[in-house]
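Enquirer: Build the full structure now, drawing on both the sequences and the hints.
So the chains spell out like this:
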Amino acid sequence: MLIDAKNVVKAFGAFKAVDDASVAVREGDILGLIGPNGAGKSTFFNCLTGDLPVTSGTVSFAGADVTRLPPEARAALGLARTFQVPLTFESMSVLDNAMIGALLRHPHAGDARAKAREVLQRVGLGPVIDTPARSLGTPGRKRLEIARALASEPKALLLDEAMAGLTPTEVLDAIELVKRIHGDGITIVIVEHIMEVIVSLASRVVVFHQGREIARGTPREVTGNPAVIEAYLGRRKVRHA
Amino acid sequence: MNRFLIPGALLALALVYPLLVQSLPVYERLGALVLLGAIGASAWNIVGGYAGQVSIGHAVFFGFGAYSSVVVYTHLGWPPIAGAPLGMALSVLLAAAIGVPTLRLSGHYFSMATIAVGELVRVLSSTSEFLGGAQGLGGPAIPRTVFDLSFLSATPFYYIFLTVLLLLLGLTWTIERGRMGYYLRAIRDSERAARSLGVSVGRYKLYAYMLSGAFTSLAGSLYLCMFGFVDPESGFGILISVKMVVMAALGGAGQLFGPLVGALILVPLEELSNSLLGGQGAGLTFVVYGAIIVIIARFLPSGLLSLLDRRKVKRAD
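Residue numbers (our numbering), protein chains in the order written: chain A, 1 to 241; chain B, 1001 to 1317.
Derived from the structure by calculation, the hints contain no laboratory data.
Everything hinted at is true.
Derived contacts from chain B toward chain A, CB cut-off under 8 Å, selection only:
#, residue
1, Arg1177
2, Ala1186
3, Ser1196
4, Gly1198
FRET-style restraints, in silico, Cβ to Cβ:
#, chain 1, residue 1, chain 2, residue 2, range
5, B, Asn1274, A, Ala164, 51 to 61 Å
6, B, His1108, A, Ala114, 37 to 47 Å
7, B, Leu1105, A, Pro132, 26 to 36 Å
8, B, Arg1203, A, Gly28, 29 to 39 Å
9, B, Leu1015, A, Ala164, 53 to 63 Å
10, B, Arg1003, A, Glu118, 20 to 30 Å
11, B, Ala1009, A, Pro132, 25 to 35 Å
12, A, Glu196, B, Ala1116, 49 to 59 Å
13, B, Phe1286, A, Gln210, 54 to 64 Å
14, B, Leu1307, A, Phe12, 39 to 49 Å
15, A, Gln210, B, Arg1104, 27 to 37 Å
Here's a subset of chain B near chain A, in silico, CB distances under 10 Å, partners left out:
#, residue
16, Arg1185
17, Ala1194
18, Leu1197
19, Gly1202
20, Gly1254
Note that CB positions come from ideal geometry on N, CA and C, so glycine has one too.
Expert: Right, here's the structure in full:
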């Protein structure tokens, strides 16, 4: 198992945003985390990346216990992520943004720059490489998030709603991009609202509801699961004749 | 080659400046003061500009430098400049001691913590007999050897300060182009994103703070060598801290030549107001700095040098 989270609890005061979630991701997998708003999937995601410390439970990555490690140490082990609302380095060029990721494995600026250029070409940001990153729109920023993360040469890439705010055409492009990244041998965990994205990408899905896992399986299996339908749409009222 | 032309010409001008104003001691002194201000502001720029951790307590390092220099003279009889390495070493330790707990704080909270530490040290220094209390301490009245760096003219100081400034800017330039420079700017823009990409945010902030503190301390030692006297206000006063911030911000914080540009404007302005208004001008300095802060914040958040960049961008279109 590349990522192995066991019995993760994340409580904010008395409220358990994540309540005893266990998720394992095999190397080479694309795992989808889905659930309605407030289901705790983003909180769980942030427990995996180290942005939030867990209340209890363990997280291991590539065989190492990373439960107490900060995000930067997990990144160094090969766990990369993107942010739901892109955290672009606003004062830098697109190239320099990607360089911050590349510098992790290439301490010399020249090598890092070469790596950053290569990654930016790969994600389709080649034409805007020298423009200020703040001039990018949402799709460009989402792509830059991915490029930056890839430049750090990760084993696993965790995407937090990478498609939110994109138009349908842009979503299709982004799906293609994620497939290509997966094709390069990178394990992917994707938190997503858009069912279409999950169905076309994920090999396995875990469904969250009110901080707990309510279903897991292939996308087809879970979308047919009554508990999942109930979580998304509510309970069907029994009509009396 | 064109991009070396303007800096080269300016450097040449800086080298011959004392010869141009040879018969005008006021301008010799002014030149030295501009460079000294630029050293302090450039040192601040490493942590305050590049890393975006706005310290408003850098006087604590300046004072450490100035007092180290005067203390080695008063208590050991050494030439004041010999206190510079001591001040720098102490400042690095102090930066670590202040930085480890306070650099965890973000934004305004870090700034406020640095103010608190600065004021605390100022008050403590005025009660310390070892440091001469509220009266302060003086350096050698009559030069014993050339190492006392006591000169009639300001020109030798001018060249000493110029050398130190060039070394500091060279070091900053090297950092700026390397991994640390990129990481510091990433930290300034988004700590969270930087951490997600493997940047040891705490460690790099601390490095920047220690380096910045060391050079600010050196500026303090150089100040003591030139003026031969320090008291709690001229060593640890909050105005010292504010000057560094305002100079760097006026020219362009986080830019190599920003602090120098700020010093070129502010130091002559300050000297002018002092000479025009005499002792009554002290309060006015605060008013002028306040006005400058307001103007920068409203119209020039990236400093004067950003005006040049804007022109460059337009030309590229």
